[in-house]
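Protein chains in written order, with my numbering: chain A, 1 to 1000; chain G, 1 to 176; chain S, 1 to 99.
Bear in mind the hints are in silico, worked out from the structure with no lab data behind them. Careful, some of the hints might be misleading.
[Claimed, not checked] When the alpha-carbon atoms are kept at most 30 Å apart in a straight line, the in silico BS3-like pairs for lysine-lysine are as follows: (1) Lys883(A) with Lys34(S); (2) Lys930(A) with Lys883(A); (3) Lys933(A) with Lys691(A); (4) Lys902(A) with Lys930(A); (5) Lys448(A) with Lys94(S); (6) Lys260(A) with Lys6(G).
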Amino acid sequence: MNPFRIKGRGRVNQDRPVRFTFDGKTFVGFEGDTVASALLANGEHLMGRGFKYHRPRGVVTAGSEEPNALIGTTRGPGRFEPNTRATMQEIYDELSTESQNKWPTLKFDVGAINDRLYMLFSAGFYYKTFMWPKSFWDKVYEPFIRRAAGLGRAPTELDPDHYASRYLHCDVLIVGSGPSGLAAALTAARSGASVVVVDEQSEMGGALLSEPSVDIDGDNAWGWLATTLDELASLPNVRLMSRTTAIGYYHQNMVGLCQKLTDHLSDVPVDAPRERLWRVRAGQVILAQGAIERPMVFDGNDRPGVMMAGAAQTFLHRFGVKVGDRPLILTSHDSAWHTAFDLADAGCKVAAIVDTRTDIPPALMHAAMARNIETLTGHTATATSGRLRVKSIRVNPVRGGAVGAARTIPCDAVLMCGGWTPSLHLFSHTKGSLDWDAKAKAYLPGHKTEAVHIAGAGRGLWGIAAVLEDGAKAGADALRDLGRKAGAATYAVTGDRTGAGITQKELPTDRSPGSAKAFVDFQNDVTAKDIRLAVREGMRSIEHVKRYTTNGMATDQGKLSNMNGLTIASDALGKDIPQVGLTTFRPPYTPTTFGALAGYHKGSHFEVTRKTPIDSWATEHDAAFEPVALWRRAWYFPKAGEDMHAAVNRECKATRQSLGMFDASTLGKIEVSGPDAVEFMNRMYTNPWTKLGVGRCRYGLLLGEDGFIRDDGVIGRMRDDLFHVTTTTGGAARVLNMMEDYLQTEWPDLQVWLTSTTEEWATIAINGPNARKLLAPLVEGQDMSDEAFPHMSVAECKVAGFSSRLFRISFTGELGYEVNVPARHGRALWEKLMEAGKPYDICPYGTETMHVLRAEKGYIIIGQDTDGTVTPEDAGIGWAIGKAKPDFVGKRSLSRPDIVAKGRKQLIGLLTDNPKDVLIEGAQIVLDPKQPKPMKMIGHVTSSYWSEALGRSIAMAVVEGGFDRMGDTLHIPTADGGSQAAKVTGCVFYDPAGDRLKVE
Amino acid sequence: MNAPVKSFDAVSVAVLPPVARLNLRIAPANLAVASAAFGLTLPTKIGQGVAKKGHAAWCLGPDEWLLHAPEADQAAIVADFTAARVKAPHSLTVISDREFTIAITGPRAQEFLSVACPLDLSRMAPGTAKRTLFDTAQVVLIRDADDAFRIEVWRSFFPHVSDLLDIALREFACGL
Amino acid sequence: MLLIHCPYCDDTLPELEFAYAGEAHIARPADPSKLSDEEWRDFLFIRSNPRGLHAERWRHINGCGRFFNALRDTVSDRFLTTYPAGHPRPDVTKLEAAE
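Just chain A, same shape as in the assembly:
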């Protein structure tokens, strides 16, 4: 069934076959397989096409660092994901996968023509190729780049999956469950500390899964692993999390984890989240992430079948899969020799071991000889052949720097190892320094900024015994730093494989290096030649080389390519590696779904939607809603067949003619209480408050210290020492914060306390000539006559049986009241008023009608008619300033030179010459519409509506020197190239004398 599967070998369940598809063809693997291991078991190396040249590509690694084998996965309707690593996606029945960057098929791809046009795609090709001619940009270059750029295809359907998130706190977080991570975990866990161990793989064990040659404490590797995991799992203070990637390491030991929960399941429970983002706060972090093997850089190193030797080890031991029958090893590190031995022992005919080094440990030479494996030391590789799979490799001896005669060796896999790079991406996220270690030939962790320990191969250590000991020590160190005591266990290891190697640039060749396709970055198709070209063209900093060539800028962040690129760049620059420096790793460690980051915040739960106590009534009565800050507010209440325009006209008319009702519950409300309340109000607001009597209210204007309008609202004096302050809907939290700031930090001597009561009260505004007729019969405890309860009054009384704070105020210019009742009664009161208002054809209205009615009266909306640069004088409400007050917030700024200067933008009214023209809010205003572009803009329209009461359009605008332009005609250019003319007027369009407020 699986021609390359070794029966009985590996950790997959060979009794449980699993069927999945790749590019429409059904394949069989086993439970525990990844897509990559299952395809390899079937002899399929070709898994994708290169991003730039569309060259055939095979799987290179066995882990999350995989640059080539990126596939699209379909897990059911709507569940398509591009760029999934075939090496990480576990198979299950019905999983459907596809290759990427190919057309029409993976085996025959038209885009491979790019491979012949490679001159176009050299380093900096974006900057060079697409510069000229300019007219080509829109029609040729941009479409080309857009088609070529990006990996895979983006999903087109809404993601139906759930995503979850959690916070987690622990003493010790261990990233990586290889031997060093497990040794650290055992030490920490046995002390009783709370321990979390995470690993991105589907099962824990790390290198022990792919290098099971050792015995630990008398048990074989997998036996020891099982015992260890059993012990850890049995401890209540330990949490083991597989399929969980530490994606980012943030301040003060907060580590982000992305846990994959369902991508490996064929039957997903309905409410199961696909992924969960964990925000872990750890006392100590231990990074035991191992090391990543580096490719060798030589011509044709990207051919399918050319892969990492360590990956071949993993496929062999963990999955029971031979990556070929006739593999050849190409290495500069001892570790790959063991790959050769293990493959030979598993029945492969190893074509040869080619090592660039001349000094090989004798034990390795003997072991090769014992297995009859040809060894070619001091050799280079100069080419490979084979269209969709490697068929042979061309190797040459190198003597004294000279490349000798070539020899071609047939093979069906080339297993390369250019050394190992400690995996320190997360450590880099903390801004910990990486120092070059000449002995280990690697960057190793230096100065630490967080409570972190690095263990194992991440510190350049090699061999199971060394990393177990180091892990145990890291665990003990972490406990010590937590103030706990612990002894690190020791481990007896036999059969360990230690080793060493060298780093190197691209391999020497006897051919023209200019025509070699020796890839450094497989995912972004960057070659050694590109890096040398970048240096020749003047890039000196490694950060510039990176951006010019895009080396390391693909989704794998250069996990395989960074060190090779750096080595080649430093050679081209004639500098040592540490002098050239490193590029920066940034979160996330591996590509992370938007879903995981969004968590629960999607759909209706995307953001808080605040609803008033009357929202449910509005919903039942088919209101249209609009968002205002976090609130949703009833916008208008359309009747059958009405559009917004018709509904708003009707609501306006009904309110002006008889009676309208409006849910004003979102208005901010602040209780300002205490013996010094009036002094506090005098200091905060522009208006004078001392003489405001109990039971009276006043329009209040709040400035910033810079003199610009921040907020406004009606403020009632409930007692000598108690004010009921209202704020704008969007300003409520901001105003309270500003008040608290002054109270706590500038005037702590004042005895005043502030409490938000926005949500304690439901607020209903009643407006129209019949407002009093509606309310008076429902009110108990307050004489509603104009004499007893004049405009700008407030009283505590009962309305329709509910305790209330009743204001007589108006934001419409009509006789008006605002009734505040405890929020739970809001809807009941609304319904009672609707019922009682029937004789007056009471009309519920929404925010749009409220806006029109207030604009007809020239009442401003903070944030619409003002924008943070408008003073009270600019807005025409200088009357709200208490001129006699010695000080208030913002007063000093009102006499600053630029505030009193001529030519400030001022709020004026606009009446269009054509009364049917409704100007567009935000439209710019000019003096002469025929002036050449760019025109001099002297202001903009802030509010603009159709006024049903006036039978024409009205608008407000801020215009330079606006008050001096009364009667002038201004022009508002329109998007179609025309313009509209309008005359400057005052802002009060309706009932300028204010007679309607006084209706009997």
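Given the coordinates of chain A, work out where chains G and S should sit on it, guided by the hints.
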């Protein structure tokens, strides 16, 4: 408001009936006056709470206390504090309708709250309360016992918090 | 996400509970009308913006509600200390020596 209790074995979520809820602000030096008015010795350390005979109080800030009492007592409490105002200035604001209270109980309650609570709840002792965030909503979190919490959330934020708890409940129940 | 120590709660809590509130130790003049335009401009707009240690205000807005001061290193984001509003800026050398 009495929403049905939603639960599975490990966690229950229930909306509690209304309670008289008051925000008290007073200088700590005058706290004895407030304690006498409320009939409970108010705690002085932020987070601490006391409870007796249906009255409960938690210190939320240096000069701020959250008071709970049976609804029937609300008018009398307000009257008692009004009488005490001549002795010690303070602010007592009724916020009974400002918030809803949600109870989260059960053996996995603490873990359950970690879907949206950034605090290390293992450090929060029973009987304490604090203002904090739950997801993006400001709440007062009260811990009544190892396995019992209350969330007090502003009325308009309640649907958001309540929906999130429902989602989390289904997530916990499915076991993944 | 930072952890911040609230000097009023005497507890170290997630940054989510806090809001930044600008540079510290800039007191509002007792009588702004006495200030020249230049002096008032400086009070309104001129801030130090140092690279390194910065005295700044935070509010425990989703907690006890108090404004307080902090010394934070703008390079490393590390908080050296936090202290109540109204208290003078602590002596840095003593704090660093104590570490």
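Taking the hints in turn, this is what the structure says about them:
no., hint, verdict
1, Lys883(A) with Lys34(S), "holds, 17 Å"
2, Lys930(A) with Lys883(A), "violated, 44 Å"
3, Lys933(A) with Lys691(A), "violated, 54 Å"
4, Lys902(A) with Lys930(A), "holds, 26 Å"
5, Lys448(A) with Lys94(S), "holds, 24 Å"
6, Lys260(A) with Lys6(G), "holds, 27 Å"
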